[in-house]
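**Q** Protein chains in written order, with the working numbering: chain A, 258 to 921; chain B, 186 to 640; chain C, 5 to 329.
Calculated directly from the structure, the hints in this document are not laboratory data. Among these hints, one or two may not hold up.
[Unchecked claim] Here are the simulated lysine-lysine pairs, DSSO-like style, with alpha carbons at most 27 angstroms apart: (1) C/K59 <-> C/K79; (2) A/K622 <-> B/K518; (3) C/K248 <-> B/K518; (4) B/K277 <-> B/K265; (5) C/K225 <-> B/K518; (6) C/K59 <-> C/K77; (7) A/K740 <-> A/K722; (8) C/K225 <-> A/K425; (9) C/K66 <-> C/K77; (10) A/K909 <-> A/K612; (11) B/K399 <-> B/K277; (12) C/K176 <-> B/K399; (13) B/K518 <-> A/K707; (14) A/K707 <-> A/K740; (15) C/K66 <-> C/K79; (16) A/K264 <-> A/K612; (17) C/K176 <-> C/K194; (18) C/K194 <-> C/K225.
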Amino acid sequence: MSLLSVKNLVACLRNGANIVDDISFEIAAGETFALLGESGCGKSMTALSLMRLLPDGVVHAGGEARMDGARLFDLPEREMREVRGGKMAMIFQEPGLSLNPVMTVGGQIAEVLALHRGLREDAASERCIELLDQVGIPDASRRLDEYPFQLSGGMKQRVMIAMALAGKPKLLIADEPTTALDVTIQAQVLQLLRDTQSQTGMATLLITHDLGVVAENAHRVGVMYAGQIVEQASREQLFGKPLHPYTQKLFAALPSAERTGQALCAISGSVPPLGSITQGCRFAPRCDKAWALCHEQTPEWTVVAEGQGVRCHLYGRAEDRGLMTELPSPLASLPQAGEGNSVLNPQSSALLQVKDLQVHFPIRKGILKRVVGRVKAVDGISLAIAQGRTLALVGESGCGKTTLGKALLQLIVPTAGSVRFEGNELIATKAARASMQMVFQDPYASLNPKMRVAEILEEGMSALKIGDSSVSRQAHIDALLDKVGLARDSKWRYPHEFSGGQRQRIAIARALAVSPQLLICDEPTSALDVSVQAQILNLLKSLQQELGLSYLFITHNLAVVEYLAHEVCVMYLGRIVERGTTEEVVGTPKHPYTQALLSAVPRIDGMGREYIKLEGDMPSPVNPPQGCHFAPRCSHAMKICAVYPEARRCSKTHLVSCHLYPDT
Amino acid sequence: MSFMPVILWSDALVFLLIAVTGVAVWYVRRHEHLLLPWRRVTHNSLAMVSLLVLSLFLLVGLLDTLHFRSVLPQSNGGEKVYSPEVLSVFDKLVDPLRTHTEKTYSAPFALTLYARETRTDAQGNVLREFPRLQYGGAHLEDVSRRDADVVVRALIGAGLGLFVGLLSFYLTHRKLHCASGCDRAVSVVTMILTTLIGAIISLAAVYHVLGTDKVGQDVLYLSLKSIRTGLIIGTVTTLVTLPLALFLGVAAGYFRGWVDDAIQYIYTVLSSIPSVLLIAAAVLMMQVTIDTHPEWFATTASRADLRLVFLCLILGVTSWTGLCRLLRGETLKLREMEYIQAAQSFGVSGLRILTRHIMPNVMHIVLISLVMDFSALVLAEAVLSYVGVGVDPTMISFGTMINGARLEMGREPMVWWALASAFGFMLVLVLAANLFADAVRDAFDPRLNRTEVGV
Amino acid sequence: MIAYLFRRILYAVPILIGVNLLTFALFFVVNTPDDMARMQLGIKRVTPESISKWKQQHGYDKPLLINSTASGKDKLTDTIFWQKSASMFVFDFGYSDDGRSISREIVTRMGPSLSIALPTFFVGLLVYVSFALLMTLFRATVLDVAGVALCVVLMSISTLFYIIGGQFLVSKLWHLVPISGYAGGLDSFKFVVLPIVIGVMGGVGSSSRWYRTIFLEEIGKDYVRTARAKGLSELRVLFTHVLKNAMIPILTGVVVVIPLLFLGSLLTESFFGIPGLGSYTIDAINAQDFSIVRAMVFLGSVLYIVGLILTDLSYTVVDPRVRLA
């Protein structure tokens with residue numbers, strides 16, 4: 258007997274486009290059902306439909322949902338309010354925005370207690386403290402009277418979970434609960450969700466785009482694409498043998514160390530706009546196994562095995578099948594980029610050499626704006642990048658990695674240190690503008706919406722006086738567009754006409770317009786869907802081979818690092834704690850922080866390393882801990898950690914700043 | 186030539202404004218993405234109807250802006266002598282309205298004055314009676330036939346107006362083969378307006394449709410003349426506001442540091458003085474200057490006009506601070522955008538970033554704020570003129586009309602028509618402006634999510 | 005907190021100096037005292053003697069900035085700037101043209117001004133917020149559309165119309181309250197009620213619509229969805245969650261005008277014959293009494309700055325994120 262059963266759920270926009278189209282699934286008590294899909298596939302709308310909290314402009318248009326025998330869509334609003342928060346609670350993606358900023362944490366939880374459990378005053382605050390304890394918030398009684406802004410992101414999500422648990426719901430809907438969090442915090446929150454589930458026996462509807470999260474938390478999975486569930490299976494079935502071509506492609510698009518030498522299997526194109534495909538399979542235009550039938554007839558739901566079903570003609574009636582292919586076609590193999598284990602010798606052939614770079618932001622106060630403190634965003638960093646190599650800079654948000662990137666480009670004036678490009682000092686000069694360029698994180702914010710693509714690409718050339726005539730510049734622009742895989746006539750269009758992935762291609766073309774030798778890529782794929790991320794990573798890789806570019810790749814995504822980088826620097830609180838070749842750092846991490854970081858990444862093979870739990874959050878860079886910055890959170894901390902450890906050499910290329918290893 | 190064109194200061198500014206608008210329109214038409222929000226405006230039927238009404242007002246205002254002095258019959262030794270009176274094309278068009286002045290008050294469509302006069306008739310009897318008007322309804326022999334005459338003339342005028350309306354509908358629709366809902370609303374309103382105008386024209390020829398004021402001037406004429414004053418206050422002020430707010434606001438936000446401090450200081454000082462008081466102080470001082478230098482002005486019109494221009498200037502100086510603050514805030518946000526940093530990493534100069542990246546991206550705020558301010562300024566003119574710090578008392582404006590008529594409030598029975606017409610015209614103008622401004626804001630504000638720009 | 009207040013007051017000094025210099029320039033540099041005298045005495049009948057007499061009477065017969073004939077500190081103090089402008093910093097506003105002390109006049113006239121302005125402000129705020137909440141509650145229904153349409157029409161009507169129309173209807177046609185006048189004590193009720201109602205009416209359109217926009221913006225935020233997901237009713241969401249957050253932007257615009265209420269309303273007071281600061285100002289403008297106008301300008305900006313400080317203080321009440329240090 259399932260706790261929640263959803264049948265043929267449909268939600269549509271006012272203009273009639275179905276954004277949730279014929280969704281059916283069941284969740285048993287104590288089970289975690291994951292809805293997996295890329296942005297805009299309708300997974301959040303499915304959840305909001307169940308809560309009957311669809312935003313203005315979206316309406317429930319059919320189907321039914323039963324929970325504990327009650328038909329959710331037939332309940333009067335009064336009774337539905339009892340279901341919300343009482344039987345079915347929800348937590349959201351942005352804990353920072355989802356809590357009322359002007360109400361205390363205790364007040365917000367007490368509201369649920371009063372509404373659904375009839376608890377007031379002392380009884381309520383007692384229960385609040387219990388709940389906060391339960392979700393692992395230290396010093397719960399004090400936190401009760403604090404406001405959300407006083408809590409870190411991870412803490413806020415814990416409060417959200419406590420608030421959801423307050424009504425003792427039978428079903429928790431978690432809508433991308435960890436997407437906005439850092440990877441170590443994500444591991445904490447996922448662990449918490451698993452623990453509470455085993456304690457309370459509630460069911461969970463987990464909504465996510467992250468295969469790793471699904472692999473770690475879900476029992477059963479529904480894969481969504483363009484408003485439909487295209488495949489449903491148990492976790493073992495799905496990860497063992499994905500059936501739908503889309504699911505297969507999703508797996509193949511994931512970057513990882515094993516695929517380092519190969520191009521990723523990207524899905525061409527992007528998710529179709531809502532309601533644009535009314536006939537045939539919605540994935541057909543992007544599917545390389547599609548045949549005529551796929552474009553004409555919408556595939557029926559086919560049960561392939563016990564508990565596993567798929568919406569694809571490949572598994573339909575035998576006479577419909579045109580051709581049936583096996584698992585993903587062999588991946589195109591690219592030549593190995595450089596020798597994977599070449600000896601690093603940053604001193605001799607370094608293109609970019611950074612020494613003891615510091616970026617401190619003064620904190621000013623009072624009328625005279627006295628400097629009362631410093632934010633040590635980047636605090637003495639040295640690194641080197643050789644021609645044609647990729648150096649990945651890994652760290653969680655707030656560790657100073659973006660500031661470092663901007664300081665290299667002189668967008669932020671460094672406080673001290675030296676940046677040399679081909680031996681020339683860059684600090685306080687505007688030299689080397691053309692030889693170093695940046696690709697930014699958010700393709701929606703990095704292109705001026707009021708400029709045509711041609712103008713965007715030309716700007717750098719004209720500012721740096723590259724190309725003498727407009728004819729030669731136009732020719733160059735055409736060549737650039739070819740290079741990044743965009744049609745030539747797209748140069749007359751404006752950024753809003755492009756999808757996220759295409760915009761990122763434009764941003765890359767803009768950087769390449771001035772023929773740089775080094776590209777600083779600041780999380781260039783973190784705003785993109787997995788399938789599009791693969792396209793961009795492939796592009797970056799082929800550009801490197803073609804043009805001999807060097808990359809400084811700033812990221813928090815370790816899978817991308819493994820796939821793309823030759824060397825890795827791990828940053829924590831403004832300093833590099835470990836560096837080495839990718840194999841060294843990812844394969845045999847030495848620093849406790851690197852180890853914790855790696856263990857926190859959810860793995861799709863389900864064979865995560867032993868999870869090393871990190872206590873608390875990253876301290877503020879205003880007053881970093883004395884001695885080793887990581888010591889307060891480190892399980893190996895010793896007395897000697899009160900002194901900041903010098904870098905020690907583990908191998909020729911592998912350095913680590915930790916007292917656990919012998920001084921060299 | 187039987188006349189000499191006169192370009193008053195305000196005329197020159199209006200022409201400048203038209204030129205600027207013309208260039209802007211030409212520029213927008215060449216850029217698809219700039220045209221897009223305007224397309225949204227044109228799809229809003231309420232906005233298009235408002236625009237239609239506004240353009241009628243604009244037409245009157247523009248005709249009233251082409252000034253000239255006509256030649257006087259007598260000549261001064263072969264040299265032409267021009268009348269000291271400055272007239273406009275609009276005055277010439279509605280000449281009867283302007284010249285048909287009665288002695289004093291008369292009600293709308295009245296045949297007699299509003300006050301009894303003592304008259305000695307042929308027999309030598311002293312009579313107290315309402316004398317017949319000199320012009321209003323003078324063609325009627327039989328006083329009792331007035332109502333019928335009004336109806337007949339109104340119908341004839343309305344019929345002719347409707348005919349013109351239908352004709353223009355037919356002519357325009359042969360060209361544009363479209364009939365969306367918006368088009369239909371505009372067409373219907375066009376018909377209504379032409380009918381109404383037809384009726385009014387036909388009636389105004391022989392009656393004082395809205396009565397006359399204290400000195401016998403036709404109230405309809407006064408109301409129509411007031412339009413120009415209101416429009417000038419509402420538009421010319423932006424010529425002052427716009428450059429100040431745009432350059433200072435964007436510069437403060439982009440350069441920060443001492444530039445920001447200085448600009449913030451200036452606008453905090455200005456905005457800390459309650460605007461009415463600042464305007465009052467400035468206008469009083471301007472009045473002193475004007476009054477102590479009578480030799481500067483050739484005609485009373487040019488004097489009143491200069492005062493109007495100064496009023497716009499003062500209003501502009503006192504009202505740019507709000508927009509400036511808004512633009513500074515937006516620029517502070519924009520300068521952290523990644524596309525600005527991308528430009529900086531190419532070494533693009535600060536000035537170029539301001540003009541190429543920041544200004545185009547704050548223009549929607551400027552535009553929204555300008556159209557929103559327009560109606561507030563028209564309303565402010567009336568209040569200021571009432572307080573005595575508005576336009577010159579000799580200048581016809583809604584404020585001076587209300588001010589003059591207000592004194593007659595206590596009169597029994599009340600003289601209501603001048604007040605009613607001033608408020609009525611003002612309401613239509615401001616309402617149309619507000620509705621249009623709303624549509625512009627809806628179309629340009631990026632915070633209002635839209636489905637058409639890809640989900 | 006005390007330190008914060010102290011700092012804010014220090015910040016205010018340069019602003020007030022700026023205002024002071026600006027008014028000084030406006031009143032004494034744009035037009036010389038001679039010009040003003042000529043204007044006041046009538047341009048035609050003026051003689052050099054009468055001008056110097058007028059200047060002496062008003063204390064304008066001194067040099068503007070520096071008195072080179074005096075010695076010691078009189079070099080600076082025996083000037084128009086020192087005596088007419090700088091003295092305003094200690095709220096010494098001098099005398100009006102009819103010889104009365106402006107400061108005393110201001111103190112006695114504040115009462116009547118406040119008796120209208122304060123109720124107008126608070127009743128108005130209540131009405132506007134309730135109307136806006138109502139429209140928000142019924143958002144995207146016919147009621148909301150009608151409400152917005154009503155607001156647009158109301159805000160398109162001139163304030164003068166509300167006053168004249170109100171006086172005509174209530175006082176002249178229905179004889180409910182006197183057209184104008186003022187009395188102290190409880191009697192004042194019948195004189196102030198109409199101005200208050202009209203004052204509130206005049207702001208309904210623009211304010212309610214603005215508050216509605218603020219409410220709608222808040223209601224689209226994520227925390228409101230959280231509150232609904234808890235099972236709260238729409239009314240409770242609106243009152244406990246949205247209203248609290250919307251107070252922050254509303255306060256920005258509202259608190260700053262509270263001190264300015266002392267100045268009264270120019271229009272209302274002159275129409276209704278209320279002997280407050282508003283009618284004082286308007287009379288001064290009509291009589292071209294520059295000392296009074298100058299005093300009111302300075303007083304106005306002092307009150308505005310007080311308003312800014314109050315706004316900051318009020319944030320600490322409604323927004324826990326703001327701590328003044």
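**Q** It remains to establish, for every hint, whether it holds in the given structure.
**A** Verification of the supplied hints:
1. C/K59 <-> C/K79: Holds: C/K59 and C/K79 sit about 19 angstroms apart, inside 27 angstroms.
2. A/K622 <-> B/K518: OK: A/K622 and B/K518 at ~22 angstroms, within 27 angstroms.
3. C/K248 <-> B/K518: Within the cut-off at roughly 26 angstroms; holds.
4. B/K277 <-> B/K265: Since the Cα atoms of B/K277 and B/K265 sit roughly 20 angstroms apart, the hinted pair holds (cutoff 27 angstroms).
5. C/K225 <-> B/K518: Distance ~20 angstroms between C/K225 and B/K518 Cα, so the pair holds.
6. C/K59 <-> C/K77: 23 angstroms, holds
7. A/K740 <-> A/K722: Holds, at roughly 22 angstroms.
8. C/K225 <-> A/K425: Given that 27 angstroms is the threshold and the Cα spacing comes to 26 angstroms, the pair holds.
9. C/K66 <-> C/K77: OK: C/K66 and C/K77 at ~15 angstroms, within 27 angstroms.
10. A/K909 <-> A/K612: 19 angstroms, holds
11. B/K399 <-> B/K277: 23 angstroms, holds
12. C/K176 <-> B/K399: 22 angstroms, holds
13. B/K518 <-> A/K707: Holds - the C-alpha atoms of A/K707 and B/K518 are around 16 angstroms apart, at most 27 angstroms.
14. A/K707 <-> A/K740: Distance of about 24 angstroms is within 27 angstroms: holds.
15. C/K66 <-> C/K79: 11 angstroms, holds
16. A/K264 <-> A/K612: 62 angstroms, violated
17. C/K176 <-> C/K194: 14 angstroms, holds
18. C/K194 <-> C/K225: 46 angstroms, violated
Hints 16 and 18, counting from the list given before, are not met by this structure.
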